[in-house]
Amino acid sequence: MSTLPPLWRDSDGFNEIASTFAPKGIIHWLPGYCLGGRLIVFAGSTLDSLLRGHGVPYLSISITPLSDTGIYTLLMVQHLFVILSLFFAVRTLSDHFPLRVLFAGFFALTPWVYVYANCIGSEAFSNPLVYLIAACGWNCLRTTDLNRGQVVIYFGLLLAAALTRQINALLAAGLPLALLPLAARELILRGSSTSLASGQIRYHYTRRLLISVVIGVAAIASSVFVQQTMCWLCRVPFRSTFGETFMWRLSYLQGLPEQERTAFLARISAKAADPIMTEALDALNQSLDHGEKWTDMYLFYKIDEILLRSGWHEMQHRTWQIDRKLNRIATSVLLSGDPHFLHAVWTDFVRWPSFAQADLARTPFELTDWLQTQLPIARYGRLRGLASFQHEEGNFVAVWKRTPYFHLFDGIPMLEMVYLTMTLSGVALIGASRDGATAAGVSYAAGLAIVAILIALANCGCTFFAPRFYLPVYSVLQVAMLLSASLTGNVLIKRCTR
51 MSTLPPLWRD SDGFNEIAST FAPKGIIHWL PGYCLGGRLI VFAGSTLDSL
101 LRGHGVPYLS ISITPLSDTG IYTLLMVQHL FVILSLFFAV RTLSDHFPLR
151 VLFAGFFALT PWVYVYANCI GSEAFSNPLV YLIAACGWNC LRTTDLNRGQ
201 VVIYFGLLLA AALTRQINAL LAAGLPLALL PLAARELILR GSSTSLASGQ
251 IRYHYTRRLL ISVVIGVAAI ASSVFVQQTM CWLCRVPFRS TFGETFMWRL
301 SYLQGLPEQE RTAFLARISA KAADPIMTEA LDALNQSLDH GEKWTDMYLF
351 YKIDEILLRS GWHEMQHRTW QIDRKLNRIA TSVLLSGDPH FLHAVWTDFV
401 RWPSFAQADL ARTPFELTDW LQTQLPIARY GRLRGLASFQ HEEGNFVAVW
451 KRTPYFHLFD GIPMLEMVYL TMTLSGVALI GASRDGATAA GVSYAAGLAI
501 VAILIALANC GCTFFAPRFY LPVYSVLQVA MLLSASLTGN VLIKRCTR
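When the count follows our numbering, it moves up by one through the sequence shown with no breaks and lands on 548 for the last residue.
Hints were generated in silico from the structure; no laboratory data involved. Here the structure is a predicted model, which means the values were calculated and not measured. We treat Cβ as the ideally placed atom computed from N, Cα and C, and that holds for glycine. Any given hint could be a false lead.
[Claimed, not checked] Pair ranges (Cβ atoms, derived):
1. Ala320 to Ile133: 33 to 41 Å
2. Arg374 to Thr345: 15 to 23 Å
3. Arg434 to Leu384: 39 to 47 Å
4. Ile133 to Ala268: 24 to 32 Å
5. Tyr455 to Tyr108: 17 to 25 Å
6. Thr397 to Asp195: 46 to 54 Å
7. Pro426 to Arg374: 31 to 39 Å
8. Met347 to Tyr469: 45 to 53 Å
9. Ile133 to Ala508: 45 to 53 Å
When you get a sec, could you build the whole thing from the sequences and use the hints?
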């Protein structure tokens, strides 16, 4: 890893730290990385310019000065962030030194985490936040007295994650899902004092469930408020760009019989009752009828063309209209119950558990090679002098192929972690059936597993199928498995010390 040049998550990485900030850096790629990452690059590049005697470079939030020093400064921060998050997770998941060493070794054998820390892209901030949230959630559940500091930290982590990648909002469900069965048991037993551990108050888990729900909802609402405020400051209209992401999910249309596709798009058009959307959908259908290659952004550019022709010349308001119309199309498809759409989602959903570590690690290498092929395009001109792009075409995939570390546990799907979590949790419950802490830990591991499944399902329903979308799934399942191992280890250690 020490000799690996900076990787780039295709053009998105460039757009996130170096392209125009508003509105896409606020509402699409989100400001957690788009603002935080580019400020770090700003600092590194400015320091480099000063040390070289070139003075302070031109500073603009939308034109980030790019230099190798700035990029490596960002990578250094990303690696430190990952290391600190994993250190916190190891310390939180077990109180026993041998288990901590084992868990640290396990994290060291997770190469894709460090590959993304060496990559320009929002995953570099998102991955450590997932580990921190999973570990902090366990702290919030197991502690006897939940203090204000723990609540603020957990809220802050959820907010930061939601401002880094939209899918991370689902992480807020982890703690409530874990507390739900524990609270239900309390309510069934009507808060009987005999059912509570010493020092706990009546309805301990029920109250904590309500607190966790409030924290999660507040974090998500706050992330939206931050985006709205930043849009107001940058004088751009706020809106969701979900529809733009969803356009990739519509690729299943190209495989439908012509008659069924035409009928389905006609139903969507009729429901929309919008002449611009109808014209765009008709054009898409005709394009597919003529056997033209599927283009993910076809509807975006077609609606843009129609709006421009209709007199919408101001770009910010035009893109606002495009996003609103794409959102309506996405909502109509999601609520249509179309069996072909549901089949496409299910087909992807049954595939994600087969991803192994090597699949997750491969993507940044492929995307960096792809970005290098785009350097002749003028907008990427600032990248040409960077260390990442001083290699021959295909270099990064070749590095991935010949480096054994990136292929650790290749062929072992992430589904195995689900099986191990279930097995270890069962052993822990059998060995300590009357221990409330063990039951809480098993419940939390189950809650994390459910969150992982929800994230996977949301990805399958909203966009195309790619390994990088399942990084939080792997991380959450990993923490659930290690927590189950810790609970089992606690049982064995107690029995051995009797």
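Tested hints:
Ala320 and Ile133 have their C-beta atoms about 55 Å apart, which leaves the hinted 33 to 41 Å range violated. Distance hint check: the CB atoms of Arg374 and Thr345 are about 21 Å apart, consistent with the given range 15 to 23 Å. Between Arg434 and Leu384 the beta carbon distance is about 41 Å. The supplied range of 39 to 47 Å therefore holds. Between Ile133 and Ala268 the CB atoms are about 29 Å apart, so this pair conforms to the stated range of 24 to 32 Å.
Between Tyr455 and Tyr108, the C-beta spacing of about 40 Å breaks the proposed range 17 to 25 Å. For the pair Thr397 and Asp195, the beta carbons lie near 48 Å from each other, so the given range of 46 to 54 Å is met. Between Pro426 and Arg374 the beta carbons are some 34 Å apart, a value that agrees with the proposed interval 31 to 39 Å. A C-beta distance of roughly 40 Å is found between Met347 and Tyr469, which places it outside the suggested range of 45 to 53 Å.
At roughly 29 Å, the beta-carbon separation of Ile133 and Ala508 lies outside the given 45 to 53 Å, and the hint is violated.
The structure fails hints 1, 5, 8, 9 (numbered hints given earlier, in ascending order).
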